[in-house]
Amino acid sequence: MDYIIEMLGITKEFTGIVANDGVTLQVKKGEIHALLGENGAGKSTLMNVLFGLYQPEKGVIKIRGKNVNIDGPRTANALGIGMVHQHFMLVDTFTVLQNIVLGMETVSGGMLHMDEAREKVVALSERYGLRVDPDALVSDISVGMQQRVEILKMLYRNNDILIFDEPTAVLTPQEIGELMHTMRGLAAEGKSLIFITHKLNEIKEVADRCTVLRRGKFIGVVDVASTSKETLSEMMVGRRVDLGIELKPQVAGEPVLTVDKLRVSSRRQGQTKDVVKDVSFIVRKGEIVCIAGIDGNGQTELVYALTGLISPDSGSLVLNGNDITRQNIRFRNTNGLAHIPEDRHKHGLVLDYNLGENLILQRYFNDEFQSHGFMRRDNIIAYANRLIEKYDIRSGQGAFTPAHSMSGGNQQKAIVAREIDRDPDLLVAVQPTRGLDVGAIEYIHKKLVEQRDAGKAVLLISLELDEVMNLSDRILVIYEGSIVADLNPQEITIQDLGLYMAGSAPGEVGRDVH
Amino acid sequence: MKLFSKLKTRILGFLPSILAIVIGLLFGLVILLISNPSQAMGGFSTILTGALHDMRSIGRVMYFASPIILTGLSVGFAFQTGLFNIGTPGQFIVGAFGAVIVGIKFPQLGGGHWIVALLASVLFGALWALLPGILKAFANVHEVISSIMMNYIGMYLVNYLVQNTIYDRLRNQSIAVAKSAVIPKWGLDKLFPRSNVNAGFFIAILAVIIIYIILKKTTFGYELKAVGFNRDASKYGGINERRSIVLSMVIAGALAGLGGGLLHLAGTGKYIEVIDVLAAEGFTGIPVALLGMSNPIGILFSGLFIGFLTVGGDYLQLYDFVPEVIDIIVASIIYFSAFALIIKDVIQRRRLRMGGEKEQ
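If you read the protein sequences in the order shown, they are chains V and P. Convert by adding 262 to the 1-based position in the first sequence; the result is the number in the numbering used here. Convert by adding 11 to the 1-based position in the second sequence; the result is the number in the numbering used here.
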């Protein structure tokens, strides 16, 4: 069998880091080839080499059996290589059609001819089931549609080697399903797809073969159908990964958080709408309570109200016997509340600060870190080093690593370390594993369970059904701002949970909530 | 060895500023060549060395630098805390008015008179930045818009107040301050004879040191910078982000106001003129801050450098250049200093490309 792409012994070094160390990737025509690895394993670097954005120090690239030198995206394009980047490369103020033809416009006498282009785009979009509105502005369309525009861009250029860089990270479950379908259709047409991901389920679903990278090194290439998920994750992480969690039986203790008739309204476009409607629940010592629900059902606002980022319109919050409804964030932070935020770049980290400065974000005013208003630098560095060690945060320059230069997984680890190390009575963790690879997910799950086992309360907000089912002592289902069910994960199936989340109660209607 | 590499990165950090200066100077040379080719080289070397000609010239550099170090510090401090304080001309002139009115009306204060007058300039400048700070913190009004407006309000208000309180009708300016309100020389007049340098220069250096310490060493600076970098994360961390924004703006205003006080209490015949022009020293703070990379120590040196050019430029008249040419040259260097940031950006990107620290 001939390979359409062969990358042999590719080595790419950055100062201090060997991002690719003699990596080999061979892709057959018409296959979906997965490229699997943890965050920072060198997947993106390898693809940037193939796309001509980086020049490798060593190695040979062959396309369709011929040695090639790819010195830029233009050359890559001429060779039929197209890429859907993780962060889309679209002009927001242009229409879908304008974006697709950008750089390939049909011009005569200095005037644009869009009619032909439009026909071609419409034909392509029908042929591959890629629904787009050619005249909509990119800034107005959903992320899913933006991705379809990116795919159409590649097809419009007659590319037959298509690279997808973590395409599912930004999509909803339905959109992921559609994308998988499209990818299979493209492969059936004879296109060759490289699918970069760290999600094993998706690989099992669509990929034919899979190349695994770990810390810049080539680990192996396997046939997906005959390889188990366990084997794949072991290859990726380098050790056995155990995602099955066993919660040892434990009786929940006294209430830590009591939420009573909490109501939050949002004013958007002149309309006032309740986004959290009279929510009441209790979280006790030694239990993980999970709020499950489809994204956008009031979880964000509920968490903001709990943690003080917004103030509720009515209702009350009691933490450890203190009424915190009207207390500020500092009070909550220093009285037993910790918060792993949903958006680690917006709330979690000051990206321009270094790791050490970020690790003391809620504690810089403690005597340990300041005296008479002056920062105690040595203590801050020592503390950072301790957390780096204890929580295995990987960073190039220790406490001095700029937060923005760390990988997503390690940024999240830093936040988790900071929050757990404050020894909170209540830990509010919002989608703590989003976008992370299995190794990091396993780690964070373990930490949450440790908190619980130590008799602390954990409130987990998650969209991932597996996580919800495996990790919680109790599941509260939120739907359109109300808690519609209080469930025991031992007594419910994942399908029923899905139905509750979709707003329809199987069998019975919402039981009493407490 | 480690110390050496640290020093090296420090110096490399100011590389863009140095490049901007070189480009600006070369551009100035071109202008000299165009306007009077035969004298151009002599004129050019005067710009570079004139200010080192004698002790008096060095004293003059320090005198010119003092107020613009403070307005530069004002802009730079605001930059470091995420704000663009373009309101320095307003804060400068309002601060000057505060200093002058106290300097005229309270001669009974005696030996401490000039100190009280300077404190008034700090207070007035701070007050003038308070409103843009509050608007930014509570209503999300961009500080550039509100402080530009405050510049004009400040200018006309000071004109009005001068005319109604401390007006010298004959010269269309404020009357002279009391002798006791003039900043003392502290022996600088002996060291740098016939120059106007005074203790104000030490006050500027003191301000540089204080701002440096606040930004680098204190929890207060940690809070202000955190809010500047990421308001949401600061709020999440329990920092009162609104208070921080107001305080940043107020401190920036206080610095600019002090600059106004230093200039108008120097006892050098500098009065508040009733004209409809924004204070140039205020705007000069922006290039001073840019050239100094918003670093307090950098600002000290860039302020001195601009003062150096101003003094060197004065001597250009000996070479038959009209004074306007001097202004063009100084302005072009200032102009190119704005490119310092762009050059910094280019250098950083280049470095990333050659081998980034970041993998993904």
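The set of hints was computed from the structure by calculation and includes no laboratory data. Among the hints, a few may not be true.
[Unchecked claim] Computed cross-link-like contacts, EDC-like style, restricted to lysine to aspartate or glutamate with a CA-CA straight-line distance of at most 16 Å:
id	chain 1	residue 1	chain 2	residue 2
1	P	228	V	630
2	V	608	P	179
3	V	547	V	687
4	V	466	V	485
5	P	246	V	605
6	P	228	V	728
7	V	709	V	654
8	P	227	V	492
9	P	246	V	492
10	P	228	V	470
11	V	290	V	319
12	V	461	V	492
13	P	281	P	179
14	V	320	V	367
15	V	491	V	464
16	P	227	V	640
Predicted model only: the values in this text are computed from it and were never measured.
request  = Starting from the hint list further up, note which numbers the structure goes against and sort them upward.
outcome  = 2, 6, 8, 9, 10, 11, 14
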